[in-house]
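When the letters of the sequence shown are read in order and numbered with this note's numbering, they come out as residues 1 to 187.
The reader is advised that the hints may include incorrect statements.
[What the hints assert, rightly or not] Pairwise CB distance ranges, derived in the manner of DEER restraints: (1) GLU167 with TYR28: 40 to 46 Å; (2) CYS66 with MET165: 32 to 38 Å; (3) ASP47 with MET119: 25 to 31 Å; (4) TYR28 with ARG161: 32 to 38 Å; (5) GLU167 with LYS17: 58 to 64 Å; (6) ASP180 with ASP43: 17 to 23 Å; (7) LYS24 with ILE170: 49 to 55 Å; (8) LYS17 with GLU164: 50 to 56 Å; (9) MET165 with GLN19: 51 to 57 Å; (10) TYR18 with SER117: 16 to 22 Å.
[What the hints assert, rightly or not] Once the Cα atoms are required to be at most 20 Å apart in a straight line, the calculated EDC-like pairs of lysine to aspartate or glutamate come out as: (11) LYS24 with ASP90; (12) LYS23 with GLU75; (13) LYS162 with ASP90; (14) LYS33 with ASP180; (15) LYS33 with ASP65; (16) LYS128 with ASP118; (17) LYS69 with GLU181; (18) LYS24 with ASP47; (19) LYS171 with ASP146; (20) LYS24 with GLU75; (21) LYS162 with ASP146; (22) LYS171 with GLU158; (23) LYS69 with ASP180; (24) LYS168 with GLU158; (25) LYS128 with GLU167; (26) LYS23 with ASP113; (27) LYS17 with ASP43; (28) LYS128 with ASP65; (29) LYS33 with GLU181; (30) LYS128 with GLU158; (31) LYS171 with GLU159; (32) LYS69 with GLU46; (33) LYS69 with GLU26; (34) LYS24 with ASP65; (35) LYS128 with ASP90; (36) LYS128 with ASP146; (37) LYS171 with GLU160; (38) LYS128 with GLU160; (39) LYS162 with ASP121; (40) LYS128 with GLU75.
These aren't lab readings, by the way, just hints derived from the structure by calculation.
Quantities reported herein were computed from a predicted structural model and do not represent experimental measurements.
C-beta atoms are modelled at their ideal positions from N, C-alpha and C, and glycine is treated no differently.
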Amino acid sequence: KIKIKQKENYKLKTLTKYQVYLKKEENYNIPDKPLNQPQQVVDLMEDIFNLSQATQEISVMIAVDCHMKPIGVFELSRGTLNQGIMHARDIFQRAIMVNAYAIFLAHNHPSGDSTPSDMDDILYLQLKEDGIRMGIPIKDSYVIVDRNNYTSIPEHMEEERKREMKEKGIKEKPIIKRVDENGITWI
1 KIKIKQKENY KLKTLTKYQV YLKKEENYNI PDKPLNQPQQ VVDLMEDIFN
51 LSQATQEISV MIAVDCHMKP IGVFELSRGT LNQGIMHARD IFQRAIMVNA
101 YAIFLAHNHP SGDSTPSDMD DILYLQLKED GIRMGIPIKD SYVIVDRNNY
151 TSIPEHMEEE RKREMKEKGI KEKPIIKRVD ENGITWI
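Sequences and hints are given; from them, build the entire structure.
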């Protein structure tokens with residue numbers, strides 16, 4: 001124990017010094033190329049986490065560098081048959097520790113339905129805002145059933161918005177999109 005000289009007459013408490021580090025669990029040999037297609041992201045998540053075989057919801061993350069190349073993967077949480085938990089603190093702590101430029105998120109639906117739930121949409125919007133504030137954007141977030149059955153939550157939300165506008169007879173204003181140097185489309 002280190003004693004710090006007491007300057008004033010206050011009651012002392014114990015202060016613990018910590019060290020934070022990452023623990024490597026496994027290494028994977030993957031192609032050294034950017035993730036710029038949804039299928040690449042889904043395939044990588046399925047190869048590592050085998051989400052299609054899980055009987056409970058599993059939330060996962062791929063952290064990427066500024067060239068959109070994967071630098072780390074994480075299992076964020078395990079839930080129940082139809083419910084999972086993800087918290088911004090846990091997600092961005094891991095992203096910061098690997099010095100991520102951006103992240104991809106995903107979770108599975110053991111039910112076999114890749115349609116995002118209302119809670120999936122709400123959580124995505126909250127995490128998207130958190131990512132903007134943290135300077136670590138979420139490039140996409142998926143509900144994965146298997147390699148050929150997955151849904152991008154932001155794309156699903158955009159399709160729902162368009163459907164609702166059409167039902168209400170509201171004409172859509174054009175959305176400005178830009179494609180960055182890595183081939184990622186930003187809305």
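Right, here's what the structure says about each hint:
1. The beta-carbon spacing between GLU167 and TYR28, approximately 45 Å, falls within the hinted interval of 40 to 46 Å.
2. For the hinted restraint 32 to 38 Å between CYS66 and MET165, the CB-CB distance of approximately 35 Å keeps it satisfied.
3. Separated by about 27 Å at the C-beta atoms, ASP47 and MET119 satisfy the suggested range of 25 to 31 Å.
4. About 37 Å separates the C-beta atoms of TYR28 and ARG161, a value consistent with the hinted range of 32 to 38 Å.
5. GLU167 and LYS17 have their C-beta atoms about 59 Å apart, which keeps the hinted 58 to 64 Å range intact.
6. Restraint check, ASP180 to ASP43: a C-beta distance of roughly 22 Å satisfies the suggested window 17 to 23 Å.
7. Our hint of 49 to 55 Å for LYS24 and ILE170 holds, since their Cβ atoms are close to 51 Å apart.
8. For the pair LYS17 and GLU164, the supplied restraint of 50 to 56 Å holds, since their beta-carbon distance comes to about 54 Å.
9. The hinted window of 51 to 57 Å between MET165 and GLN19 holds, with their beta carbons roughly 52 Å apart.
10. Look at TYR18 against SER117: about 37 Å separates their beta carbons, and that is not inside 16 to 22 Å.
11. Restraint check for LYS24 and ASP90: the C-alpha separation of about 17 Å stays at or below 20 Å, so the hint holds.
12. Between LYS23 and GLU75 the alpha-carbon distance is near 13 Å, which keeps this suggested pair within the 20 Å criterion.
13. Pair hint LYS162 plus ASP90 does not hold up; C-alpha atoms about 33 Å apart against a cutoff of 20 Å.
14. Proposed proximity of LYS33 and ASP180 is supported: the alpha carbons are some 16 Å apart, at most 20 Å.
15. Taking the CA atoms of LYS33 and ASP65, the gap is about 11 Å. The hint holds against a cut of 20 Å.
16. The suggested pairing of LYS128 with ASP118 holds, with an alpha-carbon distance near 15 Å, which does not exceed 20 Å.
17. Straight-line distance between C-alpha atoms of LYS69 and GLU181 comes to about 13 Å, which keeps the hinted pair within the 20 Å bound.
18. Straight-line distance between C-alpha atoms of LYS24 and ASP47 comes to about 18 Å, which keeps the hinted pair within the 20 Å bound.
19. For a cut-off of 20 Å, the pair hint linking LYS171 to ASP146 is broken: about 35 Å separates their Cα positions.
20. With a C-alpha separation of about 13 Å, the suggested pairing of LYS24 with GLU75 holds against the 20 Å cut-off.
21. Pair hint LYS162 plus ASP146 does not hold up; C-alpha atoms about 26 Å apart against a cutoff of 20 Å.
22. This hinted pair checks out: LYS171 and GLU158 have alpha carbons roughly 14 Å apart, not beyond 20 Å.
23. Among the hinted pairs, LYS69 with ASP180 is consistent with the structure: their alpha-carbon atoms are about 14 Å apart, no more than 20 Å.
24. Only pairs whose Cα atoms come within 20 Å are accepted, and LYS168 paired with GLU158 is accepted, the gap being roughly 15 Å.
25. Restraint check for LYS128 and GLU167: not satisfied, since their Cα atoms lie roughly 27 Å apart, outside the 20 Å limit.
26. For the given pair, LYS23 sits about 34 Å from ASP113 by alpha-carbon distance, which is inconsistent with the 20 Å threshold.
27. For the hint linking LYS17 to ASP43, the alpha-carbon distance of about 41 Å lies beyond 20 Å, and the restraint is violated.
28. Only pairs whose Cα atoms come within 20 Å are accepted, and LYS128 paired with ASP65 is accepted, the gap being roughly 18 Å.
29. A C-alpha spacing of about 14 Å is found between LYS33 and GLU181, which places the hinted pair at or below 20 Å, so the restraint holds.
30. Between the alpha carbons of LYS128 and GLU158 the distance comes to roughly 14 Å, so the proposed pair stays at or under 20 Å and holds.
31. Between the alpha carbons of LYS171 and GLU159 the distance comes to roughly 14 Å, so the proposed pair stays at or under 20 Å and holds.
32. Distance hint between LYS69 and GLU46 is fulfilled; the C-alpha atoms sit about 17 Å from each other, no more than 20 Å.
33. Our distance criterion of 20 Å between C-alpha atoms is met by LYS69 and GLU26, whose separation comes to about 18 Å.
34. For a cut-off of 20 Å, the pair hint linking LYS24 to ASP65 stands: about 18 Å separates their Cα positions.
35. The hinted pair formed by LYS128 and ASP90 meets the criterion: a straight-line CA distance of about 14 Å does not exceed 20 Å.
36. Taken as a hint, the LYS128 and ASP146 pair is broken in the structure, with Cα atoms around 24 Å apart against an allowance of 20 Å.
37. A distance of roughly 14 Å separates the Cα atoms of LYS171 and GLU160; the hinted pair therefore holds under the 20 Å criterion.
38. Between LYS128 and GLU160 the CA atoms are separated by roughly 18 Å; this keeps the pair inside 20 Å, and the hint holds.
39. Restraint check: the Cα-Cα separation between LYS162 and ASP121 comes to about 15 Å, which is no more than 20 Å; the hinted pair holds.
40. Of the supplied pair hints, the one linking LYS128 and GLU75 holds, its CA atoms being roughly 19 Å apart against a limit of 20 Å.
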